[in-house]
Amino acid sequence: MPSANTDAAIQATGLRKVYGSAVALNDVSLSIPSGTVYGFLGPNGAGKTTTMRILTGLTRPTDGSVRIAGTDVRDRRALAPRVGYLPETPPLYDEFSAREQLDYVADLRDIPQSTAQERIERYLSEFELRDDADKRIDAYSKGMKQKTAFVQAVLHEPDVLFLDEPTAGLDPRAARRIRESIAAFADEGTTVFLSTHILPVVEAVADEVGVLFDGRVVAEGTPAELRERAEGEGGSLEDAFLAVTSGGAEGLGSGETVESTAGASASPAAPDASNDSR
Amino acid sequence: MSAGGDLRHGLRIARAELSRSIRGYGRDWRRLVGIAFSVLFLGGYLLVSLPAAYAVGRRTGSIEAIPFLGAGTSLLPVGLVGLAALRTLERIGRPPAEDLLLLTTHPRAVVLGLIGAELGRLAVWFGVPIVALVTAFGFGLGAPTVIPALGLVALPLFACSAVWGYTLGIGLLRAFRRLPTIRRLLKIGGIGGFVVLIFGSQLAGGLIAERSIQASGLLDAVSIRPLVSYVSLAFVGTPLADSVSLAGLGVLAALIALTPVGVVAATQQASALWFTDTSVTAEPSETKTGGERLAAPRPFSVVKSGRIAWGHLLRAVRKPQEFTHLILLVFFLGPVGTTVVQAADDALGPLVAGIGVGLGTYLAGATFGLNPLGDDRPHLPFLLLSGTGVRTIVRGRALAGVALGLPVAAALPAASVVLGTHLLHAAVFAAVGAGTVVAAAAFGLGLGAAYPIYEEREFWGTETVVPSTLVMLVFLAIVGGGTLIALLGTWVTLTGGLGLSPLVVGAAVVYLALTAGGPYLSYRYAVRRYRRYHLE
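Chains as they are written, first to last, in our numbering: chain P, 1 to 278; chain Z, 1 to 536.
It is worth saying that the hints were derived from the structure and are not from the lab.
The beta carbon of each residue, even a glycine, is placed where N, CA and C say it ideally should be.
You may find that some hints are simply not true.
Stated by the list, open to error - To spell it out: a stretch of chain Z is covered by chain P in this simulated footprint if at least three of its residues, at any positions, have a beta carbon under 8 Å from a beta carbon of chain P; those stretches are: (1) 2-16; (2) 20-26; (3) 92-106.
Looking at chain P on its own, in the form it has when it is part of the complex (with noise of 0.2 Å):
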């Protein structure tokens, strides 16, 4: 278990949530300092979900604690303006046009109203939404919903960004956009937390990245160290992500607990719950 670092932006110290008789996670811990982009990583049903839904307070854990940029998450007030989330079903109201949506979270977050309309003009632009952007959501591709999503999550300019599958189903030239605006906001110091399935966008843009699986973060380091240690596998992210979801982390070949330089560890130890439904 890592030890409780008060600079880090992410500090989750001993997460276990359990649905009746099913634990949906295990005694996760993580570190995570500012500015980082933190790839997460783990199988359908591994409990990543769970974890980010617990980070950013919107699930209670069953034990364990979690304090973002300093702030305990069941401090709700103190939290909003220090998260943004960009949930895997983008959080959208049909019946608003981009701009509405904007201008109504904008709102609610007590953006000043000029900043707020220098923000979602120059976000509407780099996102290329402005000729949309009076159209209502309901008519816009899944792609322009993800990108209005995303808008939504930064606008107050978090300290840290939850993202999960933010790039899923999205065209080349949308996914790109995200990418880099992912790139963007760690250069600008938010520390962004990344779930996806999609190994090349995490290859592209995380400083480190954590494995879970069965409820349990199995391995973390950076990407070129997990690499490394898959290399007995072929020496791809991919193969690392497998070896260690497919027996515990002895696919690495070692069987020693994984350090990682962002400051977490984890046993490899072998799961003992699994719960496809949460």
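Using the hints provided, position chain Z relative to the given structure of chain P.
Just chain Z now, kept in the frame of chain P:
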């Protein structure tokens, strides 16, 4: 952030939600047609009611007390709390785009926004007619001050009832989540209670009309004096005014004090519901399936459409909440049914046989037939590419309806023999039922395919696709009317009241041609709609 900040956010959310609702009405032409019909229908009533309200106001000026004020006033908050709780269970238990709202603002603001939007919807739907009627009443009374005064009196009452109703609804949702068995039992119990309420109210109405029980005693029993005194404050300055009582002012103070307490309770309950566990809709209703392969029993296994029908029936048993639309029948037939049963006397046996035929026919057409494309939509890409003919798919749905309706249409006539129905009559009723069941199953499919509904709605924590209300009403009118004609014709023929004149034979031929031809064409239309379906 202060309570003022949450209130401001709450108002913003309420405004946005109300705006979304109104835009949603405008987006769907079916809803617009429904609204237009409602406005025309209820608008006509309103125009007739306004002079009546004025006349009542004039007459009321010369009496000492408003009739039924005590009972009406006392039952109003109970009804409002119940209504708010039901709306919470059905629709506003979770905020739309909850990931966004709950990470953007405080749950208290979200609660205020959802309740505010609901009050706004209430005002949009009922505000204009209520204000018009109160205005007419006030002018008739010669005291226009009653109009704003009633508004001022109603506001705290509505606000407090809405907040506590929401708290109750959220509390029930939490209880359902923790105790899923209770949820299922309450759903069944709720439907049973609803049926009892409909028939019970009819029975009570009949007894009051026969003066078997005294209405005044009942009304006195439910009157809550302080609440009546509070509502009477609206009549200060009018001929109906009582002296301002301390009890009335006490109720006002209690309402004002209880509303913020209710908001605190609602926020605590809602936070626990939204943040503690997973969404109810994500939970499978039943995970155990017996672990066997999907093998249809005989006679379903004989043909492919039979096996498809078996699949529909199996799904219906495992997720019965998808068929809540069937309860609409109770709304229409409950009041009539009680009266008919009371008037039946020695004809109870044939009546039960007829009810069996009607119920079986209704189930055959309405259960699987009234929204086939909407029900099948998630599976259509697979179904249409599966190699199974479209006719087989449609017949499978029709067969599922027949399999459900036929036993009812046969069993109740058979059981009615115990109540005095002649054996031959029961057999003829069952045979007629077999015909109407098949006709309804085929007719429902075409009707439902003409107006498919694809949008899911949350009802009691479950996402379901329900048929269009317009389709339901048309189905009830046509199939109900047709079945009634068949039953009456059968009864009159069996009792020897109908000779074989050319006119009777001609009418029977036309009826049979319509009963056979209409459903056949409807079935053909459903097949065509499936064949021409395009994924959008």
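Broken hints, by number: none
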